[in-house]
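Visitor: Listed here are the chains, written in short residue letters.
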Amino acid sequence: MNRRVTKIGWIVLAALLCLSLIIVPGCTTPAGEEPEPACSAYIGSGQLDGEGIPPDFFSDLDVRKGCCYAFDYGTYIHDALQDQGVQRGSPVVEGLYGYDPDTSMYEYDLAKAEQHLKAAWDGELWEKGCKFTLLYNAGNLPRKTACELLAEGLAKVNDKFQVSIQPLAWPTILGKIFGTRDMPLFQIGWLPDYPHADNFIVPFMHSQGTFSYFQGYGSAVLDSKITTAFQDTNPVTQQEKYDELQQRYYDDAPGIVLAQPIARRYFTQHISGFYYNPVESSYVGRVYDLSKSDNGGAIPYKNDGIFVFETIGDIDSLDPAWIYDTASGMQVGLIYETLLYYAGSTSDEFDPILATDWAFNSTDLTYRFTIREGVQFQNGNDLTPEDVEYTFERAMCQDRPSGPVWMFYQPLLGEAVWHYEDTTFAAIDAAVEVDGNDVVFTLSGAYWELPFLQIMSGQWASIVDKEWCIAQGDWDGTEGDVTNVLHPQNAGDTVLFDLTNGTGPWKLNTWDQGIEIILDKNTNYWRAEAPFDSVITKVVDEWTSRKLSLLAGDADLVYVPATRFDEMEEEAGLTVYQDLPSLSIDAFFFNMAICGPPSEE
Amino acid sequence: MELRSYIIRRLILLIPVLFGVTIFIFGITMLFSPIERVSLYVTDARQFTNIPALIEMYGLDQPFWVQYGNWMGEIFSGNLGWSRVVGMPVWDAIWHFLPTTLELAIFATPIIIFTGIFLGTQAAAHKDRPLDHGTRVMAIFGWSLPTFWVGLVLLMVFYGYFTGLLPPSRLSVPMELLVQSAEFTRYTRINTIDAILNLNGPVLLDALRHLILPIITLSVVQMAFIMRLTRSSMLESLGKGYVLTARAKGLSERVVVNKHARRNALIPVITVAGYLFAGMVNGVVITETIFTFKGIGWWAWQSAVRLDIASVLGFALFNAVLFVLVNLVVDILYTRVDPRVRLGGTVQ
Numbered sequence: 002m003n004r005r006v007t008k009i010g011w012i013v014l015a016a017l018l019c020l021s022l023i024i025v026p027g028c029t030t031p032a033g034e035e036p037e038p039a040c041s042a043y044i045g046s047g048q049l050d051g052e053g054i055p056p057d058f059f060s061d062l063d064v065r066k067g068c069c070y071a072f073d074y075g076t077y078i079h080d081a082l083q084d085q086g087v088q089r090g091s092p093v094v095e096g097l098y099g100y101d102p103d104t105s106m107y108e109y110d111l112a113k114a115e116q117h118l119k120a121a122w123d124g125e126l127w128e129k130g131c132k133f134t135l136l137y138n139a140g141n142l143p144r145k146t147a148c149e150l151l152a153e154g155l156a157k158v159n160d161k162f163q164v165s166i167q168p169l170a171w172p173t174i175l176g177k178i179f180g181t182r183d184m185p186l187f188q189i190g191w192l193p194d195y196p197h198a199d200n201f202i203v204p205f206m207h208s209q210g211t212f213s214y215f216q217g218y219g220s221a222v223l224d225s226k227i228t229t230a231f232q233d234t235n236p237v238t239q240q241e242k243y244d245e246l247q248q249r250y251y252d253d254a255p256g257i258v259l260a261q262p263i264a265r266r267y268f269t270q271h272i273s274g275f276y277y278n279p280v281e282s283s284y285v286g287r288v289y290d291l292s293k294s295d296n297g298g299a300i301p302y303k304n305d306g307i308f309v310f311e312t313i314g315d316i317d318s319l320d321p322a323w324i325y326d327t328a329s330g331m332q333v334g335l336i337y338e339t340l341l342y343y344a345g346s347t348s349d350e351f352d353p354i355l356a357t358d359w360a361f362n363s364t365d366l367t368y369r370f371t372i373r374e375g376v377q378f379q380n381g382n383d384l385t386p387e388d389v390e391y392t393f394e395r396a397m398c399q400d401r402p403s404g405p406v407w408m409f410y411q412p413l414l415g416e417a418v419w420h421y422e423d424t425t426f427a428a429i430d431a432a433v434e435v436d437g438n439d440v441v442f443t444l445s446g447a448y449w450e451l452p453f454l455q456i457m458s459g460q461w462a463s464i465v466d467k468e469w470c471i472a473q474g475d476w477d478g479t480e481g482d483v484t485n486v487l488h489p490q491n492a493g494d495t496v497l498f499d500l501t502n503g504t505g506p507w508k509l510n511t512w513d514q515g516i517e518i519i520l521d522k523n524t525n526y527w528r529a530e531a532p533f534d535s536v537i538t539k540v541v542d543e544w545t546s547r548k549l550s551l552l553a554g555d556a557d558l559v560y561v562p563a564t565r566f567d568e569m570e571e572e573a574g575l576t577v578y579q580d581l582p583s584l585s586i587d588a589f590f591f592n593m594a595i596c597g598p599p600s601e602e
Numbered sequence: 415m416e417l418r419s420y421i422i423r424r425l426i427l428l429i430p431v432l433f434g435v436t437i438f439i440f441g442i443t444m445l446f447s448p449i450e451r452v453s454l455y456v457t458d459a460r461q462f463t464n465i466p467a468l469i470e471m472y473g474l475d476q477p478f479w480v481q482y483g484n485w486m487g488e489i490f491s492g493n494l495g496w497s498r499v500v501g502m503p504v505w506d507a508i509w510h511f512l513p514t515t516l517e518l519a520i521f522a523t524p525i526i527i528f529t530g531i532f533l534g535t536q537a538a539a540h541k542d543r544p545l546d547h548g549t550r551v552m553a554i555f556g557w558s559l560p561t562f563w564v565g566l567v568l569l570m571v572f573y574g575y576f577t578g579l580l581p582p583s584r585l586s587v588p589m590e591l592l593v594q595s596a597e598f599t600r601y602t603r604i605n606t607i608d609a610i611l612n613l614n615g616p617v618l619l620d621a622l623r624h625l626i627l628p629i630i631t632l633s634v635v636q637m638a639f640i641m642r643l644t645r646s647s648m649l650e651s652l653g654k655g656y657v658l659t660a661r662a663k664g665l666s667e668r669v670v671v672n673k674h675a676r677r678n679a680l681i682p683v684i685t686v687a688g689y690l691f692a693g694m695v696n697g698v699v700i701t702e703t704i705f706t707f708k709g710i711g712w713w714a715w716q717s718a719v720r721l722d723i724a725s726v727l728g729f730a731l732f733n734a735v736l737f738v739l740v741n742l743v744v745d746i747l748y749t750r751v752d753p754r755v756r757l758g759g760t761v762q
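Keeping their order, the protein sequence lines are chains A and B.
Every letter in the first sequence is one number past the one before it in my numbering, and letter 106, counting from 1, is 107.
Every letter in the second sequence is one number past the one before it in my numbering, and letter 269, counting from 1, is 683.
Just so you know, the hints here were simulated from the structure itself, not pulled from any lab data.
The structure displayed is predicted, hence computed values, not measured ones.
Be aware that one or more of the hints could be misleading.
Derived, one-sided and incomplete: chain A residues facing chain B with beta-carbon distance under 7 angstroms [claimed, not checked]:
| id | residue |
| --- | --- |
| 1 | Ala-492 |
| 2 | Val-496 |
| 3 | Asp-542 |
Cβ pair distances, simulated, as ranges [claimed, not checked]:
| id | chain 1 | residue 1 | chain 2 | residue 2 | range |
| --- | --- | --- | --- | --- | --- |
| 4 | A | Met-569 | B | Leu-428 | 49 to 55 angstroms |
| 5 | A | Thr-524 | B | Trp-557 | 30 to 36 angstroms |
| 6 | A | Arg-369 | B | Trp-509 | 48 to 54 angstroms |
| 7 | B | Trp-509 | A | Asn-525 | 32 to 38 angstroms |
| 8 | B | Leu-559 | A | Asn-380 | 51 to 57 angstroms |
| 9 | B | Arg-750 | A | His-488 | 36 to 42 angstroms |
| 10 | B | Pro-560 | A | His-420 | 45 to 51 angstroms |
| 11 | B | Thr-577 | A | Gln-167 | 41 to 47 angstroms |
| 12 | A | Thr-524 | B | Val-735 | 57 to 63 angstroms |
| 13 | A | Asp-103 | B | Trp-509 | 38 to 44 angstroms |
| 14 | B | Pro-466 | A | Glu-434 | 34 to 40 angstroms |
| 15 | B | Thr-685 | A | Gln-167 | 38 to 44 angstroms |
| 16 | A | Thr-479 | B | Val-735 | 29 to 35 angstroms |
From chain B, some residues computed to sit far from chain A (all C-beta separations above 12 angstroms) [as the list claims (entries may be wrong)]:
| id | residue |
| --- | --- |
| 17 | Ser-633 |
| 18 | Arg-661 |
| 19 | Lys-673 |
For every residue, glycine included, the Cβ atom is placed at its ideal position computed from N, Cα and C.
Starting from the given sequences, assemble the full structure and let the hints guide the process.
Guide: What follows is the structure in structure tokens.
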């Protein structure tokens, strides 16, 4: 009996081996080699014959404008975002420095859509019709709704416009946007690094931008306008230039700008002190300003002195120089502190934190930060200007691939510098210098004056303890040691991945990866003591579980996706903060050169 | 064949199994383009511009054999790779998430198996009588209910309607803080066992309270299968000549059913029970996710969804070893239940 089992085992194994050998040769060839004539499976015949679209279909301005008018923005905001969104005319959303509230916006107007589509391709399109497929990432309902609305709108204008819809996995969609480029339109969203119009205009409008490059939009003339606007040091003329660029996005219609989402927060009634700053990467806002006490109501009061937050998605790392996601940013922001931070709900005014004062000298381009005295790290070491210098030099010598460090290179070393290889150790060393109790940063241009402060308010600019870092085996501060820390592959390769020593109000107790993070109060904090003995962040994927935890008082705040706002309205005992504009935008991008031109990289 | 040499032979078989499994999974993952696979490293839209550099850095555009060879080389130096979805080495991740799953399996498997066998036996002994019909309806009902539905309904009733009665996750917040503190030693990371070893009553009770719902969810669905299997297997045994003989000898019905018929009926049940246990140890994704009882199933699911290939391969290796071992144990158990079975030989 067992011999037979063994034999079957061998046969199965052999079959598996053969199968994998069959699979293997196919895998080494890059995806996307579609047979002629159409280069993409999503554009039908690949010609303007009523059975497809040509690859340069969307290079016609009238096609793009026709689509913009055929999209029902009101229904999208109502159905897909549960009314929690505001239409915007350009990717620059409200709350960013440089936002222009007067940018024109497209409205849902089938007559105008008809007018443009009749003019498109010299009338040929209207006569013959077209056929293509819209793709969205499976499971993303707002994106699916957007595809349906565009398809319906076009069909209403002319029933020869046949648009079908197809879901695909997110990695596959990414591969199509940034690899094979065979989608006629793609939908994707953007979050800011720092709240400045430039941070949205470049990815959407620059010829080398994250999105515009892959849709074939942008020109040298436009690029120079973007650079000129950013480098204008006069706020009035700079705003005029940004107004013009935002209007330009409307005129060129390289995409359908969908909506700026409006967020909400649901706390139990026992929590007070929340205020919203859209710039804040943390979902919770400033935990240090919250407080918890029994306020009665429908939800039982539990876990006195402990703040419990349930969310989705674990953090990547606790190393300030590594983190580039909002979840990690929140935890690092509780353990560490930056030199300064956004004041209240503003995005261009700052409160002093670890720096007491700062001043910019526009002639020699130096930013001088005076470091606060009497602050100690959680292990008892004193905060010194050397720690600040080390923090930034360490980040720039670590240069985690795809990390946040480019935001230090650009203002300090110039716009040509994106990676460690683009500069020298001497230049990094000279860009940040200690002078008595001050730290002096030398900028590459006077126009970085405001964006630099915004960058310095991000959690990636959290100050670490030099002496302690070196004792833990981190970079020793010399050029010779750079190779040991440069370009870490995995988050765990950096020393500060799960070891922390900040100046913040809480310190790390446990990071149970994938499950929860427990922070305890720093009893040696330099400001008033923290309002909670512990802050617990749990990763809970299941919505029902999160909701019931909140209603049972086991959590004080949970992540509520926009699709659940309706059902939360029936619940009692909650403090709800509404109408909070998020600094993000989702858009449809017209691919003006489907399948190519192939990138030179 | 001698038990020891039998075990050794079976363990040697592990090598080709592991080789086959990894090459197969590696082959499948190669069906994804490098860009699709690099999406694991791109957590943010801001990183898209660096995609070509990332592909090169992680060697995702290398030919199959080079990538597989690199991975194998790392394995032989004791490195299973980095599990990005949970931010720790794959090897650590297995040991990090296994205790949670084991805790579920340790409690759920005996409940499922013994109750299932008991009910199945009773149903067969009372064939076509109300007890049989009753258990059959129960079985059909239990087997047809989707796990996520049972889990969510239980959660809504026992956590939502009876507010806070049986909460999700593994421990309540105060107990969690206690367990993570220096006063409590986590020997096994299985909370119930650790609580007993620390002689800590409150933690034990709290852990048990959190276990009730996931175990009911698992049992409702899985027990039906064991029950039906035992019943049909029992019916077959009860129709055999030796049962007639036993009854003719004047043995009590109890002895006939429990000793003569059931022992013979257990062989298929043991096979299934083995797989049931193995299936639970390699994770029960839905139950673990709904109740935030994050074990190895949750980890494997996250890894698969995000194309974290190092983790998926690590999980596959773990699974292969697990199933080979469970098969081995099941084979040995056969000889205990049925003396006619000889290891490596034939049924006489």
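Visitor: Could you run down the list of hints and mark each one as holding or not?
Guide: Hints, one by one, checked against the model:
1. Ala-492: Ala-492(A) check passes; min Cβ-Cβ to chain B is 5 angstroms, inside 7 angstroms.
2. Val-496: Violated, about 15 angstroms.
3. Asp-542: holds, 5 angstroms
4. Met-569(A) <-> Leu-428(B): 49 to 55 angstroms: Check passed, 51 angstroms falls within 49 to 55 angstroms.
5. Thr-524(A) <-> Trp-557(B): 30 to 36 angstroms: With a Cβ separation near 56 angstroms, Thr-524(A) and Trp-557(B) fall outside 30 to 36 angstroms, so the hint is violated.
6. Arg-369(A) <-> Trp-509(B): 48 to 54 angstroms: holds, 51 angstroms
7. Trp-509(B) <-> Asn-525(A): 32 to 38 angstroms: holds, 35 angstroms
8. Leu-559(B) <-> Asn-380(A): 51 to 57 angstroms: Holds: the Cβ-Cβ distance is about 54 angstroms, inside 51 to 57 angstroms.
9. Arg-750(B) <-> His-488(A): 36 to 42 angstroms: Because 57 angstroms falls outside the window, the suggested range is violated.
10. Pro-560(B) <-> His-420(A): 45 to 51 angstroms: Since Pro-560(B) and His-420(A) have Cβ atoms about 50 angstroms apart, the given range 45 to 51 angstroms holds.
11. Thr-577(B) <-> Gln-167(A): 41 to 47 angstroms: holds, 43 angstroms
12. Thr-524(A) <-> Val-735(B): 57 to 63 angstroms: The hinted range 57 to 63 angstroms is violated for Thr-524(A) and Val-735(B), with Cβ atoms some 47 angstroms apart.
13. Asp-103(A) <-> Trp-509(B): 38 to 44 angstroms: violated, 59 angstroms
14. Pro-466(B) <-> Glu-434(A): 34 to 40 angstroms: Holds: the Cβ-Cβ distance is about 35 angstroms, inside 34 to 40 angstroms.
15. Thr-685(B) <-> Gln-167(A): 38 to 44 angstroms: holds, 43 angstroms
16. Thr-479(A) <-> Val-735(B): 29 to 35 angstroms: With Cβ atoms ~46 angstroms apart, the hint is violated.
17. Ser-633: holds, 20 angstroms
18. Arg-661: Holds, because the least Cβ-Cβ distance between Arg-661(B) and chain A comes to about 31 angstroms, which exceeds 12 angstroms.
19. Lys-673: Holds, because the least Cβ-Cβ distance between Lys-673(B) and chain A comes to about 25 angstroms, which exceeds 12 angstroms.
Consistency note: the structure conflicts with the earlier hints numbered 2, 5, 9, 12, 13 and 16.
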